Amino acid sequence: MRRKSHSQFHEPSLVPLADMLTNTVGIVVFILIFTVLTAGGAMVRIQLPRERPTTAERASFICFKGRLIFLDEDPLIDRFVKPIVKNKRLVVNGEPLTRSNVAFFFELVNSRKIEDQFVVMTGEARMDASGNAVDVSVEVTPKPGVGDAIADMRRSDNAFRRFLASHDPQKRFIKFNVFPDSLELYKAARDVARAAGYQTGWDARGSGQKIGFNLTGGGRKDTVQ
Amino acid sequence: MLPFIAILMCTLGCLLFVTLAIASLSLGPSRGEGWVFGGAGSDRQSKIPILVEWDGTTATIHRDGRKVRSEWKTEEYQGWRISTDDPLNPELEEFLNWLAQHKRDHYALVAARPTGFSSLFIFCNLFRKRDIDVGYEPIEQNRAVALIPGK
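If you read the sequences in order, they're chains F and G.
Sequential numbering of the first sequence, starting at 1, is according to our numbering.
Sequential numbering of the second sequence, starting at 1001, is according to our numbering.
Please note that the accuracy of each hint is not assured.
In the DSS-like style, the derived pairs of lysine-lysine whose C-alpha atoms are separated by at most 30 Å in a straight line are [stated by the list, open to error]:
#1 F/221 with F/143
#2 F/187 with G/1073
#3 F/82 with F/187
#4 G/1047 with F/221
#5 G/1129 with F/187
#6 G/1073 with G/1103
#7 F/82 with F/143
#8 F/187 with F/88
#9 F/210 with F/82
#10 F/221 with F/86
#11 F/187 with F/86
#12 F/86 with F/65
#13 G/1129 with F/221
#14 G/1103 with F/65
#15 G/1067 with F/210
#16 F/82 with F/113
#17 G/1073 with F/65
#18 F/82 with G/1073
#19 F/143 with G/1103
#20 G/1103 with G/1129
#21 F/65 with F/88
#22 G/1073 with F/171
#23 G/1067 with G/1103
#24 F/210 with G/1103
#25 F/65 with G/1047
#26 F/210 with F/65
#27 F/171 with G/1047
#28 F/210 with F/221
No wet-lab data here; the hints were simulated from the structure.
Keep in mind the model is a prediction, meaning the values are calculated, not measured.
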C-alpha cells in the first residue's frame, strides 16, 4: 500500500501580521497628532517694548550680516571733523567757510575717509534745501568679517561681554542698529546685555540703508525700550 | 505573505512621510509667535498694548479679535524713507484717533517685519505725533504673531 503524502501545504495565518500593521499605524498616528499639537505654535514671553527716554550715555553696536560690530562713534566723529570744525564752526584750512571756498570744502569732506578696526567712516557735504547753509553728514560702513557672530554670543569671553563687563550699566545703555539679516543675533545680544543689567534700544535699518549721522542738524533723542 | 509585507512597508512609508511633512511645516514657515503680556511674573505693564504689524506698505491692526489692514505710503528721499502728503486711509486714521483718545491706558506695539525696517521710524512717528506711547519689536517676515494675555 502506498502511504498518502502528509506534505500538504498549510497557509500561515495573517492575523498576527494584521495585528502588527494595526498597532504600527496606530502608534504613527499618535506620534503625528502629538507632533502637530506641540509644534503648532511657539509661546514667547518677551519684555514687551515701550519707548522711554534715557539720560544714559549711548554705546552703539551694529547687527549686520550676522555680526555684532562695535561702533565707537564719538572718537570717530571727532577724528573726522578735526580738520573741518573750529570753535564749533565749519572751516576750510582754518578759515571760516564762505561761498568762495565752499566747493573746496565739499571736495574735502566728500573725499575724506577714516577708519578703526570695525568700520569705515566717510562724509557727505551738500547745500541744504534752502541753499543758504551746508549740510554735513557722515556714513559708517562695517568692515567685513569683524565683530562677534551669533555662535560667539554663547561664549563667556566674547568681545561684547568684555565690553559690558568693563562699563557701568547705570551710566550707559546699549543701542543696536539692526539690519534685516541679523534678527537672531540682535535678540541674542539683547538678552546678553539685559542679563548684564543694561537697558537697551534699537534702530531698524533697511537692507542697503546707510548708518549715518547728521553733524549739522538736530538728532533724534535716545530712547530705550 | 510577501505582498502583505509590501503593503505594510508602503503604509509605514506613507505615514512617515506625512508625519515629517506636517512636522516640518509646523516648525518652519507656518510657525507663529505668541507674545505674552500681563499676568503674574511679567514686568509692570500699566498700559494695554495694541498690536500693529508693519511691513513697509501695510499696517495690520489687531483689535477686538479682528485684523484690519491699511496701506500707508512712503517714498524715498536721498536714501531715506519719508512720509508722503497723501491723506491717511480711513481705517488707519480711525485707529490712530481711537488710540489717541485712549492713550492713557493703551499704547501701540509695532511688530516690525524686515521689509518695514527702512520706514519703521516714520511709521512710529504717526503715533508719537499724537503723544501715543509706542514700542517696536522685530519679527521674521513670514512668521505669524499674536498678543496673548498672560495668566
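Quiz item: Does residue 1103 of chain G pair with residue 65 of chain F here, judged by a C-alpha cut-off of 30 Å?
Solution: 38 Å, violated
Quiz item: residue 187 of chain F and residue 86 of chain F: Cα distance at most 30 Å?
Solution: Between residue 187 of chain F and residue 86 of chain F the Cα gap is close to 41 Å, so the pair fails against 30 Å, i.e. violated.
Quiz item: Under the criterion that the straight-line Cα-Cα distance not exceed 30 Å, is the pair residue 1129 of chain G, residue 221 of chain F satisfied?
Solution: At roughly 14 Å apart (the allowed maximum being 30 Å), residue 221 of chain F and residue 1129 of chain G satisfy the hint.
Quiz item: Is the hinted pair residue 1073 of chain G and residue 1103 of chain G satisfied, with a Cα-Cα distance of at most 30 Å?
Solution: It holds: about 25 Å lies between the C-alpha atoms, which stays within 30 Å.
Quiz item: Within 30 Å, alpha carbon to alpha carbon, are residue 1067 of chain G and residue 210 of chain F?
Solution: 33 Å, violated
Quiz prompt | Proposed proximity, residue 113 of chain F with residue 82 of chain F (alpha carbon, max 30 Å) | solution = 12 Å, holds
Quiz item: Are the Cα atoms of residue 86 of chain F and residue 65 of chain F separated by 30 Å or less?
Solution: With a Cα-Cα distance of about 37 Å, the restraint between residue 86 of chain F and residue 65 of chain F is violated, given a limit of 30 Å.
Quiz item: Going straight from one Cα to the other, do residue 82 of chain F and residue 143 of chain F come out at no more than 30 Å?
Solution: 23 Å, holds
Quiz item: Within a Cα-Cα threshold of 30 Å, do residue 210 of chain F and residue 221 of chain F meet the stated pairing?
Solution: Status holds; Cα separation ~19 Å.
Quiz item: When you check the alpha-carbon spacing of residue 210 of chain F and residue 65 of chain F, does it fall within 30 Å?
Solution: 14 Å, holds
Quiz item: residue 1067 of chain G and residue 1103 of chain G: Cα distance at most 30 Å?
Solution: Distance ~20 Å between residue 1067 of chain G and residue 1103 of chain G Cα, so the pair holds.
Exercise. Mind checking the alpha carbons of residue 82 of chain F and residue 187 of chain F for me, to see if they're no more than 30 Å apart?
Key: Since the Cα atoms of residue 82 of chain F and residue 187 of chain F sit roughly 36 Å apart, the hinted pair is violated (cutoff 30 Å).
In this structure, the earlier hints numbered 3, 8, 11, 12, 14, 15, 18, 19, 21, 22, 24, 25 are contradicted, and the remaining ones agree with it.
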